[in-house]
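*Asks:* Read off the chains here:
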Amino acid sequence: MVERRSTLGILAHAVMILGVLIVAFPLYIAFIASTHTSQAILQVPMPMSPGGHFWENYLAALNGHGGGAGSNAPVARMMWVSLVTALVITFGKIAISLLSAFALVYFRFPLRGLVFWAIFVTLMLPVEVRISPTYKVVSDLGMLNTYAGLTVPLIASATATFLFRQFFLTVPDELVEAARIDGAGPMRFFKDILLPLSKTSIAALFVIQFIYGWNQYLWPLIATTGEQMYPVVVGIRMMIAGGDSGNEWNIVMATAILAMLPPAIVVILMQRWFVKGLVDTEK
Amino acid sequence: MAAISLKNVVKRYGIGPKANQVIHGVNAEIGDGEFIVIVGPSGCGKSTLLRMVAGLEEVSGGEISIGGRVVNDVEPSERDIAMVFQNYALYPHMSVFDNMAYGLKIAKVPVADIKTRVDKAAKILELGALLQRKPRELSGGQRQRVAMGRAIVRQPQVFLFDEPLSNLDAKLRGQTRLEIRKLHAELGVTSLFVTHDQVEAMTLAQRMIVMNAGHMEQIGTPEEVYARPATTFVASFIGSPPMNLLTGRAQGTRFAFGGADLPLPAAAPRDGELILGVRPEHLGHASVAHDGGWPLTIEMVEMLGAERLVHGRIADHGFTLRIDGTLVPPAPGSTLHLKPSADHLHWFDAATGKRVVA
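Chains A and C, in that order, are what the protein sequence lines are.
Here the first sequence stands for residues 1 to 283, numbered as in the numbering used here.
Here the second sequence stands for residues 284 to 641, numbered as in the numbering used here.
If you're looking for bench data, these hints aren't it; they were derived computationally from the structure.
Given the structure is predicted, the values throughout are model-derived calculations rather than measurements.
Glycine included, C-beta positions come from ideal geometry on N, C-alpha and C.
Heads up, a few of these hints could be off.
Derived SDA-like pairs: lysine to any residue, alpha-carbon spacing no greater than 25 Å straight-line [unchecked claim]:
1. K199/A <-> M187/A
2. K199/A <-> K388/C
3. K290/C <-> G350/C
4. K417/C <-> V121/A
If you want the ones that stay clear, here's a sample from chain A, every Cβ over 10 Å from chain C, calculated [as the list claims (entries may be wrong)]:
5. A24
6. T37
7. S49
8. P110
9. A179
10. R180
11. R188
12. I193
13. V267
All chains should be modelled from the sequences, with the hints used to inform the complete structure.
*Replies:* Okay, here's the thing in structure tokens:
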């Protein structure tokens with residue numbers, strides 16, 4: 001590792017560049033495709049440099065003037081639905097997990113062990129496994145085609161609860177005791193001491209859960225029936241009509257690029273926090 | 284003001300016959316403004332006792348009162364105490380100022396008051412320049428001072444210290460010890476200080492409590508504890524090297540043990556099975572045999588600077604003697620003749636280990 005030989009350096013760089021190309025090439029294709037007319041893309045070979053229809057295609061996608069064979073719903077609305085859904089899921093998950101981990105670690109109540117294991121066991125039951133009963137409940141409650149229907153079933157999170165529990169267990173007991181002597185009650189301790197200490201874990205979870213919420217496909221697909229409530233991930237699929245119908249691939253690709261932006265922005269912005277959290281461990 | 288009274292204090296973990304009792308009925312009356320050190324080996328229950336006074340551990344039996352008020356069921360924050368923890372327990376995300384001010388903020392002390400009190404404490408502890416720093420930017424000694432500052436600003440009736448010096452290096456520990464004494468002289472607040480280090484105990488205490496296996500062995504001034512240990516445990520725990528303890532049979536002015544028959548300078552308090560204790564520094568010695576001398580076969584001599592420790596055997600029983608470092612050391616293998624004095628012999632019951640008074 002510490003050796004600095006030029007051949008090794010070149011090899012390392014070659015491997016890394018190859019990796020970047022493999023990851024980046026599909027993105028590049030999608031971007032190129034989103035800047036041409038639909039006829040231009042279908043030519044062989046497909047153009048490899050940006051075309052001149054960037055604004056046209058993106059505005060068409062956002063406002064829903066695609067005119068292809070599939071759905072023509074405006075992407076702006078879908079992005080909004082996705083954003084609200086992802087944010088509600090993220091904040092809901094973080095809030096509920098923080099509080100339940102707090103209860104599990106700092107309070108002695110009957111059946112505490114059982115509760116912990118019950119939460120732990122749900123790790124084995126992802127949304128897909130319990131999708132039929134969940135659908136039944138949500139539809140009986142009249143929550144189909146609502147933000148509540150899109151988010152509530154996804155908010156409970158065993159993973160996040162577990163993560164916070166493990167973090168809280170590393171907080172020294174003396175800190176709790178010092179707070180008790182200082183006269184801080186449980187919620188005061190939670191707000192003034194535990195929450196600030198969990199900042200970096202919260203940031204990490206925010207990134208993970210936002211992407212999780214944004215990328216939800218299966219659940220929104222069955223919990224929504226109208227274009228009004230499609231998140232963008234479902235929307236893309238709806239734009240593509242099956243068979244030999246003439247899809248507006250340039251608009252589909254523009255939508256795909258748009259759908260990728262928010263998670264990318266979240267990762268880029270929160271990455272700083274990540275690194276900061278890793279560098280100065282406040283414990 | 285705030286005297287502390289412990290009446291038959293008991294701590295048990297668990298309930299029923301399987302309960303594990305760790306404190307067995309401690310009784311102590313601590314005067315207002317006194318500096319008391321609780322000392323004992325690890326696991327003797329000294330920290331548990333302190334935490335019971337703080338209210339961090341429940342009291343299983345007996346009564347603890349602070350300033351005349353029984354506090355068994357009073358929340359720690361209502362007991363008018365402040366505690367300094369072994370690892371300081373500073374809030375990592377708060378500045379030094381906020382660490383000290385946190386308790387006052389919760390108690391809804393006016394902001395201007397908080398500032399004066401924190402500034403005053405910072406001045407006493409020379410933390411003025413560090414108030415805006417975070418704990419991680421401080422050295423161990425500075426963190427320790429912040430922990431003390433947090434205790435001082437509360438202006439409590441009682442200070443509780445749970446081994447606050449054990450994370451400092453030797454030099455800083457000596458320095459901080461002096462500072463704590465100065466602080467106590469200045470503020471005059473009743474203090475309970477837990478440590479396993481007998482030097483800390485001897486130097487800081489006005490009175491000390493020696494604990495062993497959940498029992499209070501002795502309470503007294505350092506002088507008393509050193510000069511008249513109440514049990515063989517105290518005799519061997521306080522003092523370095525520890526007191527020599529010989530188990531044998533006393534008969535008038537003779538003491539028989541392990542095949543030897545030692546002459547005594549005065550009659551033993553009673554005849555029969557007894558433990559004879561004598562501190563390494565309380566023996567004269569001569570290289571020639573004399574009346575009433577105890578023969579010590581030298582095995583090894585340690586040089587400590589001002590003094591030497593002479594390790595040897597009396598009738599196959601290990602025995603240590605402390606002599607002036609400037610004297611010519613006796614050669615290993617030779618025999619020294621020890622001269623005990625009646626004032627410095629301690630007698631303990633062989634069965635109970637308790638001091639036998641003449």
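*Asks:* Each hint needs a verdict: does it hold in this structure or not?
*Replies:* Now for the hints, and whether the structure bears them out:
A threshold of 25 Å between alpha carbons decides the hint, and for K199/A with M187/A the separation of about 17 Å falls inside it, so the pair holds. For a cut-off of 25 Å, the pair hint linking K199/A to K388/C stands: about 22 Å separates their Cα positions. Straight-line distance between C-alpha atoms of K290/C and G350/C comes to about 14 Å, which keeps the hinted pair within the 25 Å bound. Among the hinted pairs, K417/C with V121/A is inconsistent with the structure: their alpha-carbon atoms are about 40 Å apart, more than 25 Å.
Every CB of chain C lies more than 10 Å from the CB of A24/A, the least distance being 39 Å, so the non-interface label holds. Residue placement check: T37/A keeps its beta carbon more than 10 Å from all beta carbons of chain C (closest about 56 Å). No beta-carbon of chain C comes within 10 Å of the beta-carbon of S49/A; the shortest separation is about 51 Å. Against the 10 Å criterion, P110/A stays outside the reach of chain C, whose nearest CB is about 16 Å from its own CB.
The non-interface label for A179/A is inconsistent with chain C: the shortest C-beta to C-beta separation is roughly 8 Å, within 10 Å. Distance check for R180/A against chain C: the nearest CB is about 5 Å away, which does not clear 10 Å, and the non-interface claim fails. The beta carbon of R188/A is not kept farther than 10 Å from every beta carbon of chain C, the shortest such distance being approximately 7 Å. Chain C draws I193/A into its interface by the beta-carbon criterion, the shortest separation being 6 Å against a cut-off of 10 Å.
Distance to chain C confirms V267/A as a non-interface residue, since its nearest Cβ pair spans about 25 Å, more than 10 Å.
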